[in-house]
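**Student:** The chain contents come next:
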Amino acid sequence: MTSFILRRLALSVVLLFIISIISFFIVTMTPGSPYPWGELNPKISAEVKANFRKKFHLDRPLHEQYAFIMHDLFTGDLRSMKDDRPVMARIMERLPATLALNLTSILISLSFGTLLGVYAARNAGRWQDMAASFGAFLFIALPGFWISYLTAIVLVKGFGVPILGTHSYGIAFPNDLAAGLDTLWHLLIPATILAVGGIASQSRYLRASMIGTLREDYIRTARAKGMPEETVLYKHAMRNSIRPLVTGIGMLLPAMIGGSVVIETIFAYPGMGRLGYEAVLERDYPTLVALNFVVAALVLLGNLVSDLLYAAVDPRVRLE
Amino acid sequence: MRRLIHASASNSHGNMITSPTLVSETPTRRILRRFRADRIARVAVGIIIILALLAGGTALLSHFDHHWPCDPNVTNLEQKLLPPSSQHWLGTDNLGRDVLSRMLHGASISLTVGLIAVFVSLAIGLVVGAVAGYFGGLTDQILMRSVDALLCFPTFFLILTAVALLGPSLINIVVVIGFVSWTGTARLVRGEFLTLRETEYVKGARVLGENSWNIIIRHILPNATAPIFVTAVLGIPDAILTEAGLSFLGFGVQPPQATWGNIIADSKTYILDAWWLILFPGLAIFIASLSFYLAGDALREASESRS
Amino acid sequence: MLTIKDLKIGFQSPSGISPALKGVSLELGKGETLAIVGESGSGKSVTALAITRLLPTPPAVYEGGQILFDGKDLLKASDPELRRVRGGRIAYIFQEPSTSLNPVYTIRSQIAEMIRLHRPEVTDIDAEIIHWLDAVGIVDPASRINDYPHQLSGGMQQRVMIAMALSARPELLIADEPTTALDVTIQKQILDKLRDLQKDLGMAVLLITHNFAIIGGLARHVAVMYRGEVVEFGETHQVLRNPKHPYTQALIACIPRLGDRRRRLPTIGENDPSRKV
Chain A
14 MTSFILRRLA LSVVLLFIIS IISFFIVTMT PGSPYPWGEL NPKISAEVKA NFRKKFHLDR
74 PLHEQYAFIM HDLFTGDLRS MKDDRPVMAR IMERLPATLA LNLTSILISL SFGTLLGVYA
134 ARNAGRWQDM AASFGAFLFI ALPGFWISYL TAIVLVKGFG VPILGTHSYG IAFPNDLAAG
194 LDTLWHLLIP ATILAVGGIA SQSRYLRASM IGTLREDYIR TARAKGMPEE TVLYKHAMRN
254 SIRPLVTGIG MLLPAMIGGS VVIETIFAYP GMGRLGYEAV LERDYPTLVA LNFVVAALVL
314 LGNLVSDLLY AAVDPRVRLE
Chain B
-8 MRRLIHASAS NSHGNMITSP TLVSETPTRR ILRRFRADRI ARVAVGIIII LALLAGGTAL
52 LSHFDHHWPC DPNVTNLEQK LLPPSSQHWL GTDNLGRDVL SRMLHGASIS LTVGLIAVFV
112 SLAIGLVVGA VAGYFGGLTD QILMRSVDAL LCFPTFFLIL TAVALLGPSL INIVVVIGFV
172 SWTGTARLVR GEFLTLRETE YVKGARVLGE NSWNIIIRHI LPNATAPIFV TAVLGIPDAI
232 LTEAGLSFLG FGVQPPQATW GNIIADSKTY ILDAWWLILF PGLAIFIASL SFYLAGDALR
292 EASESRS
Chain C
43 MLTIKDLKIG FQSPSGISPA LKGVSLELGK GETLAIVGES GSGKSVTALA ITRLLPTPPA
103 VYEGGQILFD GKDLLKASDP ELRRVRGGRI AYIFQEPSTS LNPVYTIRSQ IAEMIRLHRP
163 EVTDIDAEII HWLDAVGIVD PASRINDYPH QLSGGMQQRV MIAMALSARP ELLIADEPTT
223 ALDVTIQKQI LDKLRDLQKD LGMAVLLITH NFAIIGGLAR HVAVMYRGEV VEFGETHQVL
283 RNPKHPYTQA LIACIPRLGD RRRRLPTIGE NDPSRKV
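Chains as they are written, first to last, in this note's numbering: chain A, 14 to 333; chain B, -8 to 298; chain C, 43 to 319.
A hint or two may mislead.
Quick look at which bits of chain A chain B covers, simulated, 3 or more residues with Cβ under 8 Å [said to hold, decoys possible]: (1) 144 to 156; (2) 166 to 172; (3) 307 to 315.
Interface residues of chain B toward chain A, partial, derived using beta-carbon atoms under 7 Å [stated by the list, open to error]: (4) Thr216; (5) Ala217; (6) Phe220; (7) Leu232.
Read the hints as simulated data drawn from the structure, not as lab findings.
Since the structure is predicted, the reported quantities are computational estimates derived from the model, not experimental observations.
Note that CB positions come from ideal geometry on N, CA and C, so glycine has one too.
Could you put together the complete structure from these sequences and hints?
**Tutor:** This is how it looks when you write it as structure tokens:
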């Protein structure tokens, strides 16, 4: 097992390397200049421009630029073209908020999605199933930004409840607990909206998987043993049904970072999605490369976690 | 040579046994029969047809005269930001343009993106999946590793970057979305091909000396079409939602061409006061996506169930 | 102990309800063994599963009759009552042991679950499990209790199923084609084991099979089923010697005998049970 993990990590490093090269080239081929000022701005002298180019190695050939960026990335010295602040610092300061948002969202979607999926599967074919499935599709089809705006309109305009950002502006909290709860509240709405699509799709996957599992012989054995239906569903059927979900778990986190761009923009939430969006707008190569790197690392880590979880759930699988 | 249709039956223990038989009701007809029987599916398809007619009709009619039947571009600043009224059924936007007109014109964009993006992703996914699934071995490994590598990039970012790179025109958006979403189809096709390759009739065809492409196209593909088609239909709302998201962020089809997404985008600063600018375009996106999802799911039920 | 009266069951399909059992009546006394013999589709498995209402009730429809177990009609029993009977008083073993055991839990876990539910008075569950595994003939049971089903051979899996079924000390064991999926040599071992265990525990056995050849020496009575009806019922040795119904005669004639000089084995034609090919 340890050899499996080690081999996986080694493979991941190689893949990360390749991915970083690809993302570097994609990013540098973007037309549009990276200068933080307009290309044709007459107020900037040629000398300033030359200095900028020198500082960010734009005068060197591409492969050297890549080497510089990679070196700076790992020494923590990579600087944004926009404001010359270290990129990793910017990413790190947004990391907690991003993780909080996305992990909460994943938690919500997995738990409610599972419940809904089991409910639909045990009532397969009956109206409860149709209602649950219809509800699931309803949720998947809801455009995130639409619901976000409608929620914002209703809560902010209708009830005067603050929901933007990570804490309510202008209110002094009597103690840390209150401040913490306030942050939690600000987190909950975007996390729930993000989770809505996830609940729906997880429930569909689980429902399909569980309907298949419930047809298996060992479920009949469990019933013949006199097990209560709850035990049959949640103990015998569940562990055999979550396999497809487990393979998908690894991809949930990186997917959400990209997919939460819109939500973060609307709720003014300081996450990495928004950072990436702004970086694309500003052609900030270093930030983009660093961000891609972080996300790719998360994907590979997520895949590893998925594989380990899969083996944990199914004893027939042997990791080689 | 008649195509051998892949029919399935169950033995007394409920296990699937498959045998190639010539059936009187072709699978296609069977699927269509079950699909038609589903009430929700009928409603969903009905809505899709209505949307298609509205979009197509508007596009066609306004091709000849840009101002008829309704003008999405006439601005009238005195009439800006009006709530729905008898004159402007869905209100006006910040430049006084009639929202209903803009939405009718935007319909064709959304539907076009949905359909063509899926078509692109289907084309790529089919080829990649078929080759990987049929030939297996090293080809399969290489192709699937590439798929995995592609999945390492957060899709939305990739689309965003690519569109920023190439410029937000309709064609670019469609191609980019298609290019990014073919992985699901490829995986599905590969899976189907791997299974179908081992069936008796394919083995028989190989023994008879048929060449690979023939086998793929004439024997395997017809039996795999159902799940592929279902994936395609279910992919349309994803494309529509992605396009809406792109428009919202400013990377979609640019104004003054109206799309459902950019009506909302343009009104970002006014949303708290002009709820109709959010409600109606979003509702349209929602209904279109929902209809495709329901139709796709009904199709999947129809092709998978055992009656 | 078990009386089935005029049981009628049908299956729903798009074209209506097709009858599976057309009025089956059977009787089984305490400690006795009854074999139900018939070909595929005769309704024997349906009968077996119907006894504790294990048939999934979309497609299946219970149209009439009674299933009296110790005087109580199981068809009218409430869910809690039914669950107490299942496993605790009537236990099952099925045809395919490889798919009848849950692949993700150890043998220990699956048998322990049974014991905890039906015999809560047992304090040392592990010892109890080892006892039963040994009773069914598993070598060195203590080393195998933490194995997963896929780590066992087919014969051992079936033994585990039997151990699991018996660990609750049921009054009736329903064995649905218990040896059909196993090698012939293993078949004999399992059947012998079953007979010994039945004698030791004094429990009744309902043996479902399509193979007339295995019931001799095992079942005192036999019921022959054809197309959802019991066409012959009686003591095994009498039925074997003097089959009254043409279908039974055909079935018995199909049993290959050592020293049989016939070139072609007799088979039963599709529609006419008395026709020999």
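**Student:** Please go over all the hints and tell whether each is borne out by the structure.
**Tutor:** Here is how each hint holds up against the structure:
Under a criterion of three residues with beta carbons nearer than 8 Å to beta carbons of chain B, the stated coverage of the stretch 144 to 156 of chain A is upheld, 8 such residues being counted. Here's how the stretch 166 to 172 of chain A fares: 3 of its residues keep a CB closer than 8 Å to some CB of chain B, so the rule of at least three is met and the hint holds. Evaluation of the coverage hint for the stretch 307 to 315 of chain A: fulfilled, as 4 residues show C-beta separations to chain B shorter than 8 Å, against a requirement of three. Among the interface hints, the one on Thr216 (chain B) is violated; its C-beta lies about 20 Å from the nearest C-beta in chain A, farther than the 7 Å criterion.
With a least beta-carbon distance of about 15 Å to chain A, the hint placing Ala217 (chain B) at the interface is violated under the 7 Å criterion. A cut of 7 Å between beta carbons decides the hint on Phe220 (chain B): the least distance to chain A is about 18 Å, and the hint is violated. Satisfaction of the interface hint for Leu232 (chain B) is found here, the shortest Cβ-Cβ separation to chain A being roughly 6 Å, below the 7 Å cut-off.
Of the numbered hints listed earlier, those contradicted by the structure are 4, 5 and 6.
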